[in-house]
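J.: Sequence:
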Amino acid sequence: MPRQESPFLLNNEAAAYLRLSPRTLEKFRVCGGGPQYHKAGRRVLYCQDDLDKWIEAGRRRTTSDTGAEKS
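Okay, so the sequence shown: first residue is -13 according to my numbering, each after it adds one.
Simulated from the structure, these hints should not be mistaken for lab results. Incorrect hints may appear among the rest.
[Stated by the list, open to error] Here are the simulated DSS-like cross-link-like pairs (lysine-lysine), alpha carbons at most 27 Å apart as the crow flies:
#, residue 1, residue 2
1, LYS39, LYS25
2, LYS39, LYS13
3, LYS13, LYS25
[What the hints assert, rightly or not] Taking CB as the label site, the calculated pair distances span:
#, residue 1, residue 2, range
4, ARG9, ASP38, 18 to 24 Å
5, CYS33, THR10, 28 to 34 Å
6, LEU(-4), THR48, 31 to 37 Å
7, THR52, GLY27, 36 to 42 Å
From the three backbone atoms N, C-alpha and C, an ideal C-beta is built for every residue, glycine too.
With these hints in hand, go ahead and build the complete structure from the sequences.
T.: Shown next as structure tokens:
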């Protein structure tokens, strides 16, 4: 049976995917504001879907756009 690729990314892989430094993701985990993550023992894992959702939530049209939906 062929081995399937893991649906999770390690910190360095997630940082590369987002084009951020690994240290930036570490800082987000401490201070908040970053993508959701999972802990497996001492290992930090990111689901690619969570990374995509986090990026999408940061979408803006202008520099003054707060990102809040307006009715």
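J.: All hints are to be evaluated individually against the structure, with a verdict given for each.
T.: Results for each hint:
no.: 1; hint: LYS39 with LYS25; in the structure: holds (19 Å)
no.: 2; hint: LYS39 with LYS13; in the structure: holds (19 Å)
no.: 3; hint: LYS13 with LYS25; in the structure: holds (16 Å)
no.: 4; hint: ARG9 with ASP38: 18 to 24 Å; in the structure: holds (22 Å)
no.: 5; hint: CYS33 with THR10: 28 to 34 Å; in the structure: violated (18 Å)
no.: 6; hint: LEU(-4) with THR48: 31 to 37 Å; in the structure: holds (35 Å)
no.: 7; hint: THR52 with GLY27: 36 to 42 Å; in the structure: holds (38 Å)
Going through the hint list in order, the structure does not satisfy hint 5, though it satisfies all others.
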